[in-house]
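Asker: For the record, the sequence lines run as chains A and B.
Once you know that position 33 of the first sequence is 43 in the numbering used here, the rest is easy, because the numbers rise by one and skip nothing.
Once you know that position 356 of the second sequence is 494 in the numbering used here, the rest is easy, because the numbers rise by one and skip nothing.
Since the hints were made in silico from the structure, they are not lab data.
The reader is advised that the hints may include incorrect statements.
One-sided excerpt, in silico: chain A residues whose CB lies under 10 Å from chain B [said to hold, decoys possible]: (1) R36; (2) R37; (3) E39; (4) E163; (5) Q165; (6) K169; (7) R170; (8) P171; (9) Y176; (10) P179; (11) L181; (12) E182; (13) D185; (14) L243; (15) W246; (16) R250.
Beta carbons are placed, not taken as given, at the ideal position from N, Cα and C, and that holds for glycine.
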Amino acid sequence: MNATLYDVALTAYIVATAAALGYLLRRREGLSRLSILMTQLGWVCHTVALVLRAVERGRPPIATLPEVVSVIIWVAVLLELWAEWQYQVKVLGAFVLPVVLMLGLALPTGLRALITEPSIRSAWIWVHVILALLGLAALVLNFAGAVMYLLQERQLKAKRPGRVYYRLPSLETLDRFTFRTLTLGFPFLTAGLLLGALWAGAAWGSVFAFDPVAALSIAMWVVYAATLSGRALGAWRGRRAAYLAIAGFGTLLLMLGVGVLIQGRHGS
Amino acid sequence: MGTLFLAGLNHHTAPVEMREQLAADGDKVRQILVDLAGAGVLDEAMILATCNRVEICGVGPVPGEAWRAAFARLGAQHGVGLATIEPLLYAKTDDEAVLHVFRVAASLDSMILGEPQILGQVKDAFALAQSAGTVGPVLHALMSQAFGVAKKVRTETEVGRLAVSVSFAAVELARKIFGSLDGKAVLLMGAGEMSELAARHLIDQGAHPVYVANRTWSRAQDLARSFSGIAVRFEDALATMGLVDIVITSTAAPEPIVRALTVRQVLHARRERPLFFIDIAVPRNVEAGVNDLDNAFCYDIDDLRSVVEANLRERQREAHRALAIVEREVQRFGARLAELEVVPTIVSLRDKLEAIRRGELARALGRLPAADEETRRVMEALSQAIVNKVLHTPTVKLRDSSRAGHGARFVELVSEIFGLKGAGGQPEDRGR
Numbered sequence: 011m012n013a014t015l016y017d018v019a020l021t022a023y024i025v026a027t028a029a030a031l032g033y034l035l036r037r038r039e040g041l042s043r044l045s046i047l048m049t050q051l052g053w054v055c056h057t058v059a060l061v062l063r064a065v066e067r068g069r070p071p072i073a074t075l076p077e078v079v080s081v082i083i084w085v086a087v088l089l090e091l092w093a094e095w096q097y098q099v100k101v102l103g104a105f106v107l108p109v110v111l112m113l114g115l116a117l118p119t120g121l122r123a124l125i126t127e128p129s130i131r132s133a134w135i136w137v138h139v140i141l142a143l144l145g146l147a148a149l150v151l152n153f154a155g156a157v158m159y160l161l162q163e164r165q166l167k168a169k170r171p172g173r174v175y176y177r178l179p180s181l182e183t184l185d186r187f188t189f190r191t192l193t194l195g196f197p198f199l200t201a202g203l204l205l206g207a208l209w210a211g212a213a214w215g216s217v218f219a220f221d222p223v224a225a226l227s228i229a230m231w232v233v234y235a236a237t238l239s240g241r242a243l244g245a246w247r248g249r250r251a252a253y254l255a256i257a258g259f260g261t262l263l264l265m266l267g268v269g270v271l272i273q274g275r276h277g278s
Numbered sequence: 139m140g141t142l143f144l145a146g147l148n149h150h151t152a153p154v155e156m157r158e159q160l161a162a163d164g165d166k167v168r169q170i171l172v173d174l175a176g177a178g179v180l181d182e183a184m185i186l187a188t189c190n191r192v193e194i195c196g197v198g199p200v201p202g203e204a205w206r207a208a209f210a211r212l213g214a215q216h217g218v219g220l221a222t223i224e225p226l227l228y229a230k231t232d233d234e235a236v237l238h239v240f241r242v243a244a245s246l247d248s249m250i251l252g253e254p255q256i257l258g259q260v261k262d263a264f265a266l267a268q269s270a271g272t273v274g275p276v277l278h279a280l281m282s283q284a285f286g287v288a289k290k291v292r293t294e295t296e297v298g299r300l301a302v303s304v305s306f307a308a309v310e311l312a313r314k315i316f317g318s319l320d321g322k323a324v325l326l327m328g329a330g331e332m333s334e335l336a337a338r339h340l341i342d343q344g345a346h347p348v349y350v351a352n353r354t355w356s357r358a359q360d361l362a363r364s365f366s367g368i369a370v371r372f373e374d375a376l377a378t379m380g381l382v383d384i385v386i387t388s389t390a391a392p393e394p395i396v397r398a399l400t401v402r403q404v405l406h407a408r409r410e411r412p413l414f415f416i417d418i419a420v421p422r423n424v425e426a427g428v429n430d431l432d433n434a435f436c437y438d439i440d441d442l443r444s445v446v447e448a449n450l451r452e453r454q455r456e457a458h459r460a461l462a463i464v465e466r467e468v469q470r471f472g473a474r475l476a477e478l479e480v481v482p483t484i485v486s487l488r489d490k491l492e493a494i495r496r497g498e499l500a501r502a503l504g505r506l507p508a509a510d511e512e513t514r515r516v517m518e519a520l521s522q523a524i525v526n527k528v529l530h531t532p533t534v535k536l537r538d539s540s541r542a543g544h545g546a547r548f549v550e551l552v553s554e555i556f557g558l559k560g561a562g563g564q565p566e567d568r569g570r
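Chain A with its partners taken away, still in its complex shape (with noise of 0.2 Å):
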């Protein structure tokens, strides 16, 4: 039941990331709609994915890597959903959805993996793992304003305006928009990531206690906290802030990577 709900949202993620490729290139409204409505249904079964799944178990469905990174593509889409709403961007989701997309596709096992119950937990680590989860959900829209960024920049340095150029909303707009998203994300990763800190040092006396998922946090928060101090000095702002978003995010998927592929303390 919940494995075949699992699959039916991905299906329908993987039909409304279709539909919004679609409306991106050829501007049909009935694809805008299909991409929404087949969006708005991926994520009701995704939710009832989820809340069977933390049933069956008598806990958060949060206490494994893939149900972490499972929740993350649940609120980015979510995020996706009320971002679409209130900025007017109806082509969001053809630079979201693929992302998330790419995410539920990468986790072949999914919901459906008999991950060993972790051992050690705490409310602690329940706490620790919603606010770094909030925050990179936030992130996933960070990626997407910066890359819509870039390639509109593009096409007005370039002065010869694609298709892409007509549906893409201003280079304003996706700066604001990258920019929201990275102050609404970013002090929820931090508080996340200091929580699991202080958390590793109490439980291992380290912090990073030889753990590679720890260690790529900690470098993709210091590329975030770079792009906005470097916002606030002035000058890091446009393009220089879509590349460091895109680096942010690069590190993001290779910290996930890492904590899927391999056992450390996180891959428990």
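Dock chain B against the given chain A, drawing on the hints supplied.
Answerer: Frame of chain A; chain B shown alone:
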């Protein structure tokens, strides 16, 4: 019911010399419409005469006769014979005519795709026909839907939205960079028709204040006054650049006056907020390297022209989408027209039953002089309820039959059974 038709010539089929010969002022067109309707060759008609097209659209028993008569009259003004005009004409009937009318109104048949004037011209032509008394239910339904189609195409597609002039293209680019232009400051260096037009468009979109720099101080002051802006000495223009978001250059300087190095410093000073250069001068006033700087965008006159070309291609693509909308509307109009043919029958059936009801009610009440208010009210309601219930099924059946495409048969049947005079779409009923 007569046949809906359209005939005419436009910029595709006829040279401008011919279109000029056929052009007619409002009074002349009204006269022709009145005469043709009086001669009985058509039931309804309107004539659209603009510099790009001359068309007649109407309803008549023999379309060919109607439009030939119309063009003979139009040609007669300047002694052009029908034989000369006829090879240039296109003629369409029914759905094809509807499609043509919708395409024209939605500006999909215009020389510049999506240009907005044509809708106003169609509206004027319709009003003229109304004043001539040659608009009946079919044209009324056709044109009111055509106006709706035009609006739909305008709001749902970009066919009329993308700039097709260089000065508008510059404004559009500014909007792609800055989003809203509200409160964005502009610096105008030099003068010239195109640069002033671009500045004017930017102001219309909310840009302010406008700084004007010119080598001739009095010219700068004049221009500044006309834009409600601020005049700046030409030597101070580069210093002013730090205060603005958009720079329009059109000076006669033989070599670039805005250097990349300067712009780099300006950008740094304004914390890398974007700067947009519109360089209308030839030779160019802004060094080519400026566009390579982060957050600086520079478009020269050739760049703006190529944007206009891209916009025209995009309008073409949008026109394809618009055509899909128009085709759906043609289908809908077909259904509406079919319904139009049964409406007179429904109305006269209702009138007839209502007359019977009133008569019988009056008679019955005449026999009950002592009836109180309550009784009268009950009898009134009773008679109305009976009439409504009797009418319900035939009304529904008539509407259904029209939608299914055999309305005429039902109209005939119902008229026969209820002895309705003049039903079946005869002219005296169609004026309602």
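Asker: For every hint, state whether the structure bears it out.
Answerer: Right, here's what the structure says about each hint:
For R36 of chain A, the interface hint holds, since its Cβ comes within 10 Å of a Cβ in chain B; the closest pair sits about 9 Å apart. Evaluation of the R37 of chain A hint against chain B yields a held restraint, the C-beta minimum of about 7 Å falling below 10 Å. For E39 of chain A, the interface hint holds, since its Cβ comes within 10 Å of a Cβ in chain B; the closest pair sits about 7 Å apart. This hint holds: E163 of chain A has a C-beta 9 Å from the nearest C-beta of chain B, less than the 10 Å allowed.
A distance limit of 10 Å between C-beta atoms decides the matter here; for Q165 of chain A the minimum to chain B is near 9 Å, and the interface restraint holds. Interface hint status for K169 of chain A: upheld, as the beta-carbon distance to the closest one in chain B is roughly 5 Å, under 10 Å. With a cut of 10 Å, the hint placing R170 of chain A at the interface with chain B holds, because the nearest CB-to-CB distance is about 7 Å. The interface hint given for P171 of chain A holds, since its Cβ lies 5 Å from the closest Cβ of chain B, which is under the 10 Å cut-off.
Among the interface hints, the one on Y176 of chain A holds; its C-beta lies about 6 Å from the nearest C-beta in chain B, closer than the 10 Å criterion. Interface hint at P179 of chain A: satisfied, since its Cβ lies 7 Å from the closest Cβ of chain B, which is below the 10 Å cut-off. Look at L181 of chain A: its Cβ gets to within about 5 Å of chain B, closer than 10 Å, so that hint holds up. Because the beta carbon of E182 of chain A sits about 4 Å from the nearest beta carbon in chain B, less than 10 Å, this interface hint is met.
With a cut of 10 Å, the hint placing D185 of chain A at the interface with chain B holds, because the nearest CB-to-CB distance is about 9 Å. About 9 Å separates the beta-carbon of L243 of chain A from the nearest beta-carbon of chain B, less than 10 Å, and the hint is met. Look at W246 of chain A: its Cβ gets to within about 8 Å of chain B, closer than 10 Å, so that hint holds up. Taking 10 Å as the C-beta cut-off, the interface hint given for R250 of chain A holds, the closest approach to chain B being about 7 Å.
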